[in-house]
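Assemble chain B onto chain A, guided by the hints.
These protein sequence lines map, in sequence, to chains A and B. With my numbering, letter number 114 in the first sequence gets 114, and the count goes up by one each step, no holes. With my numbering, letter number 158 in the second sequence gets 158, and the count goes up by one each step, no holes.
Where hints are given, some of them may not hold.
[Stated by the list, open to error] Pair ranges (Cβ atoms, derived):
#: 1; chain 1: A; residue 1: N72; chain 2: B; residue 2: A192; range: 53 to 59 Å
#: 2; chain 1: B; residue 1: G94; chain 2: A; residue 2: M1; range: 35 to 41 Å
#: 3; chain 1: A; residue 1: G199; chain 2: B; residue 2: G227; range: 39 to 45 Å
#: 4; chain 1: B; residue 1: S384; chain 2: A; residue 2: N72; range: 34 to 40 Å
#: 5; chain 1: A; residue 1: N72; chain 2: B; residue 2: G199; range: 53 to 59 Å
#: 6; chain 1: A; residue 1: Q225; chain 2: B; residue 2: E392; range: 40 to 46 Å
#: 7; chain 1: A; residue 1: K2; chain 2: B; residue 2: G363; range: 51 to 57 Å
#: 8; chain 1: B; residue 1: G94; chain 2: A; residue 2: Q225; range: 39 to 45 Å
#: 9; chain 1: A; residue 1: D361; chain 2: B; residue 2: G127; range: 34 to 40 Å
#: 10; chain 1: A; residue 1: K409; chain 2: B; residue 2: K92; range: 53 to 59 Å
[Said to hold, decoys possible] Distance condition first, Cα-Cα at most 16 Å in a straight line; then the derived EDC-like pairs of lysine to aspartate or glutamate:
#: 11; chain 1: B; residue 1: K96; chain 2: B; residue 2: E366
#: 12; chain 1: B; residue 1: K402; chain 2: A; residue 2: E181
#: 13; chain 1: B; residue 1: K47; chain 2: B; residue 2: E224
#: 14; chain 1: A; residue 1: K164; chain 2: B; residue 2: E392
#: 15; chain 1: A; residue 1: K96; chain 2: A; residue 2: E366
#: 16; chain 1: A; residue 1: K402; chain 2: B; residue 2: E181
#: 17; chain 1: B; residue 1: K164; chain 2: A; residue 2: E392
#: 18; chain 1: A; residue 1: K252; chain 2: A; residue 2: D39
#: 19; chain 1: B; residue 1: K252; chain 2: B; residue 2: E224
#: 20; chain 1: A; residue 1: K2; chain 2: A; residue 2: E63
#: 21; chain 1: A; residue 1: K413; chain 2: A; residue 2: D401
#: 22; chain 1: A; residue 1: K402; chain 2: B; residue 2: D186
#: 23; chain 1: A; residue 1: K402; chain 2: B; residue 2: E193
#: 24; chain 1: B; residue 1: K402; chain 2: A; residue 2: D186
#: 25; chain 1: B; residue 1: K96; chain 2: B; residue 2: D232
#: 26; chain 1: B; residue 1: K92; chain 2: B; residue 2: E366
#: 27; chain 1: B; residue 1: K47; chain 2: B; residue 2: D261
#: 28; chain 1: B; residue 1: K402; chain 2: A; residue 2: E193
#: 29; chain 1: B; residue 1: K91; chain 2: B; residue 2: E366
In case anyone wonders, no lab produced these hints; they're calculated from the structure. Cβ atoms here follow ideal geometry from the backbone N, Cα and C, with glycine treated the same way.
So you can see what is in the structure, the chains are spelled out below.
Number of protein chains: 2
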Amino acid sequence: MKNVTGARCTLCGHVTEALPGTTVCPECGGILDIEYDYDYIRSKLTKYDLMDREEPGMWRYMEFLPVEGIGNRPRLRVGGSPLYRASGLEKKLGLKTLYIKDDGLNPTASLKDRASAMAVVKAEEAGKTTIACSSTGNAASSLAGNAACAGLSTYIFVPSRAPKGKVAQLLMFGATVVLVEGSYEDTFRISAEAIDRWGWYNRNAAINPYLMEGKKTVSLEIAEQLGFKMPDYVAVSVGDGCTVAGVWKGFKDLYEAGFIDRLPRIISVQAEGCCPINTAAAAHTMNWVPQEENTLADSIAVGVPRNPVKALRAIEESHGVTVNVSDEEILDAMRILGREAGVFAEPAGAAGTAGLVKALDTGLIEKDASVVSIVTGNGLKDVSNAIRAAGEPLSIAPDMDKLLEAFEKKGIKP
Amino acid sequence: MKNVTGARCTLCGHVTEALPGTTVCPECGGILDIEYDYDYIRSKLTKYDLMDREEPGMWRYMEFLPVEGIGNRPRLRVGGSPLYRASGLEKKLGLKTLYIKDDGLNPTASLKDRASAMAVVKAEEAGKTTIACSSTGNAASSLAGNAACAGLSTYIFVPSRAPKGKVAQLLMFGATVVLVEGSYEDTFRISAEAIDRWGWYNRNAAINPYLMEGKKTVSLEIAEQLGFKMPDYVAVSVGDGCTVAGVWKGFKDLYEAGFIDRLPRIISVQAEGCCPINTAAAAHTMNWVPQEENTLADSIAVGVPRNPVKALRAIEESHGVTVNVSDEEILDAMRILGREAGVFAEPAGAAGTAGLVKALDTGLIEKDASVVSIVTGNGLKDVSNAIRAAGEPLSIAPDMDKLLEAFEKKGIKP
Chain A
1 MKNVTGARCT
11 LCGHVTEALP
21 GTTVCPECGG
31 ILDIEYDYDY
41 IRSKLTKYDL
51 MDREEPGMWR
61 YMEFLPVEGI
71 GNRPRLRVGG
81 SPLYRASGLE
91 KKLGLKTLYI
101 KDDGLNPTAS
111 LKDRASAMAV
121 VKAEEAGKTT
131 IACSSTGNAA
141 SSLAGNAACA
151 GLSTYIFVPS
161 RAPKGKVAQL
171 LMFGATVVLV
181 EGSYEDTFRI
191 SAEAIDRWGW
201 YNRNAAINPY
211 LMEGKKTVSL
221 EIAEQLGFKM
231 PDYVAVSVGD
241 GCTVAGVWKG
251 FKDLYEAGFI
261 DRLPRIISVQ
271 AEGCCPINTA
281 AAAHTMNWVP
291 QEENTLADSI
301 AVGVPRNPVK
311 ALRAIEESHG
321 VTVNVSDEEI
331 LDAMRILGRE
341 AGVFAEPAGA
351 AGTAGLVKAL
361 DTGLIEKDAS
371 VVSIVTGNGL
381 KDVSNAIRAA
391 GEPLSIAPDM
401 DKLLEAFEKK
411 GIKP
Chain B
1 MKNVTGARCT
11 LCGHVTEALP
21 GTTVCPECGG
31 ILDIEYDYDY
41 IRSKLTKYDL
51 MDREEPGMWR
61 YMEFLPVEGI
71 GNRPRLRVGG
81 SPLYRASGLE
91 KKLGLKTLYI
101 KDDGLNPTAS
111 LKDRASAMAV
121 VKAEEAGKTT
131 IACSSTGNAA
141 SSLAGNAACA
151 GLSTYIFVPS
161 RAPKGKVAQL
171 LMFGATVVLV
181 EGSYEDTFRI
191 SAEAIDRWGW
201 YNRNAAINPY
211 LMEGKKTVSL
221 EIAEQLGFKM
231 PDYVAVSVGD
241 GCTVAGVWKG
251 FKDLYEAGFI
261 DRLPRIISVQ
271 AEGCCPINTA
281 AAAHTMNWVP
291 QEENTLADSI
301 AVGVPRNPVK
311 ALRAIEESHG
321 VTVNVSDEEI
331 LDAMRILGRE
341 AGVFAEPAGA
351 AGTAGLVKAL
361 DTGLIEKDAS
371 VVSIVTGNGL
381 KDVSNAIRAA
391 GEPLSIAPDM
401 DKLLEAFEKK
411 GIKP
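Same shape as in the complex, but just chain A (with noise of 0.2 Å):
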């Protein structure tokens, strides 16, 4: 790969050859990350070459990928997904300009895709035919989904008590299901031993350093949307760190190869109940603590992330906000999504937003500001929780008098 120099250690710095297996640092253990020839990305492209490309999805930004090609396997058309100016939602929040960046419009509903659109290439790139993971989240259905396009088999390993509509949709992409009955640990120990054994690919965002490429596209789409003019803030949801962590490395390879000429800001949003990168950040320390898991948005919800370095640098080296958000304020955000720009978030795809209000109400950011929020996943993904956030409708006889009667006493005026 010509645009690639290599894989850099986070914790140590060691630089080592950027290999399709390549996973940790060879020397301590620490999360690479896949470095680039700017000078020569910028040879090989231009602003304008990317508006005539046909290519809709995420492989349109081939100079920026650490991939020589995608192969001629079947590939879902991952990315691509719409950026809306939220007219609506601008007025209701007295913001003056918002965006709405709807990656639950991905094949399997999530953000995710993009991380396993590359892992499936990169497998293939390391002569693999079968991925595991241990997730029962997007992480395992975009895989799942990703890999049956492609012919690929997937192992996936999820604790027993996975709801069953999420074990139903691994399934029906004909991945391999072991449910494990244990704890999340139990679970993810089982995995790591069967990895071992038979030598699976392993779509793990702790250690395999191009998932995050793959997720830096939905940066390099924003830009590319918006005529690459930057907004002020880029607001997401943070669980592992490994999306906040792309996010913003799409946007600085962009400015690295000359592409777009400032930086936005992260809005950095958590839950309330389980947000120790935001703790870290806002102390501007690297020196995160584990937390617990108390918050409904259940893609967001890790107290113990995975990619905490690369996430701390991110919020930092952008200037970024960190905001946590109660359950009732990401219900509310579902609710403003769907009511003022019809879009449907599931729980973590609406917390950027639920940040974001927040981040607008107490000053921390300006009215006049421009944004772009990120929603990460669809709503159909969790009907529970849309449920709990949608309200009550109304009920009544089939009467004319009925429906009056009850217009009337919700103050409905038709």
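Chain B only, in chain A's frame:
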């Protein structure tokens, strides 16, 4: 609208002016069909113009649509869904060429977004700020979402037996949802009274001739995505008949305007437990007979179709093939779409593919044919049936020996 010549009654042939609020034939009450001036379209648009358009969604086909423009309100990005070459499924089925059009990736996760986006624009043209319908299905959620984005109000009437999850989605989009304690008939009646009383715009495919014009964009996209080289067959599931009629209209429009040089044949798929349209089509009669609604594919469980004339004509004109599938065959199709193509479909969304499988098995269509199968809705819409289709995961204690045992018992060779 210079491209539109009028609206012709499907029953008596009377032609009336196509106005924004036009509903049924003023002479006989029949459903109208929008007619175009294809010479005019041809003079304004070529295939090559289309390829250069930046608009990624359904409005890129403006010259083929009964609108002057779409105004300045915010719009969800409807259409532009991926067309996948499904080489895994081709192998599995022994079919030469198969494409899957995944319309479950629309903003509210079904093809109905194409009709609702059109309804919202036509409502605005008619000077209405409120739209109503009676449904709990994809029509309702797509209406609620598309209207919310544009800042329009919606009133949606649903029978009180409606599933809570579907009601929640409507409420999330800010619809005023009225649960009617009674039958679907009661619900429809009170909604009609309310629409009359308050003069709301009516999103009802049985009276609104514009909805089908939105739906036909799926065919315009398929053609463009295939470089205007037509497949032999297009498979689609059929409920009230509007979708299959729209699919056929799209291809006919392209043919009349000289964009394609041959028309595909429709594979019309209904459920064995509810197939009034296919029963009539197979007998080459317009005299369809109401049926019971015995199928798990709720989106096509329509015993009294609202658009039988257009649907039956579409099937007849295309020299179509009719196939009725069992619920088990639908669940099978959900599994193979997930496993071989990475596409997660709701039951009605997979029914088209189920019909294709059956048509191949029974020799109704040839193995060396080229086929596009349209997936009309996302599997996340109906997780309970996905659970039914998915089968059971393995379940083990967290121990390698147990894992080996479980693999052996199931014949899994990692």
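Next item on the list: Measure nothing beyond the straight line between the CA atoms of K402/B and E181/A; if it is 16 Å or shorter, mark the hint as holding.
Entry: 11 Å, holds
Notebook entry, point to check: Range hint 53 to 59 Å: satisfied by the CB atoms of N72/A and A192/B?
Noted result: Check passed, 55 Å falls within 53 to 59 Å.
Item checked: Hinted pair K2/A and E63/A, Cα distance within 16 Å -> 9 Å, holds
Check: For the pair supplied as a hint, K402/B and D186/A, is the alpha-carbon distance within the 16 Å limit?
Finding: Holds: K402/B and D186/A sit about 13 Å apart, inside 16 Å.
Notebook entry, point to check: Between K413/A and D401/A, is the straight-line Cα distance small enough, at 16 Å or below?
Noted result: 14 Å, holds
Checklist line | Whether the CB-CB distance between D361/A and G127/B falls inside 34 to 40 Å | finding: Because 36 Å falls inside the window, the suggested range holds.
Notebook entry, point to check: Holds or violated: are the alpha carbons of K402/B and E193/A at most 16 Å from each other?
Noted result: The hint holds at about 13 Å.
Notebook entry, point to check: If you draw a straight line from the CA of K164/B to the CA of E392/A, is it 16 Å or shorter?
Noted result: Holds, at roughly 10 Å.
Check: Straight-line Cα separation of K96/B and D232/B no greater than 16 Å?
Finding: Holds, because 11 Å separates the two Cα atoms, which is no more than 16 Å.
Notebook entry, point to check: Does the structure keep K91/B and E366/B at a Cα separation of 16 Å or less?
Noted result: 14 Å, holds
Check: Are the Cα positions of K252/A and D39/A separated by 16 Å at most?
Finding: Given that 16 Å is the threshold and the Cα spacing comes to 14 Å, the pair holds.
Next item on the list: Would you mind confirming whether the straight-line C-alpha gap from K402/A to E181/B stays at or under 16 Å?
Entry: Cα-Cα ~11 Å, so holds.
Going through the hint list in order, the structure satisfies each hint without exception.
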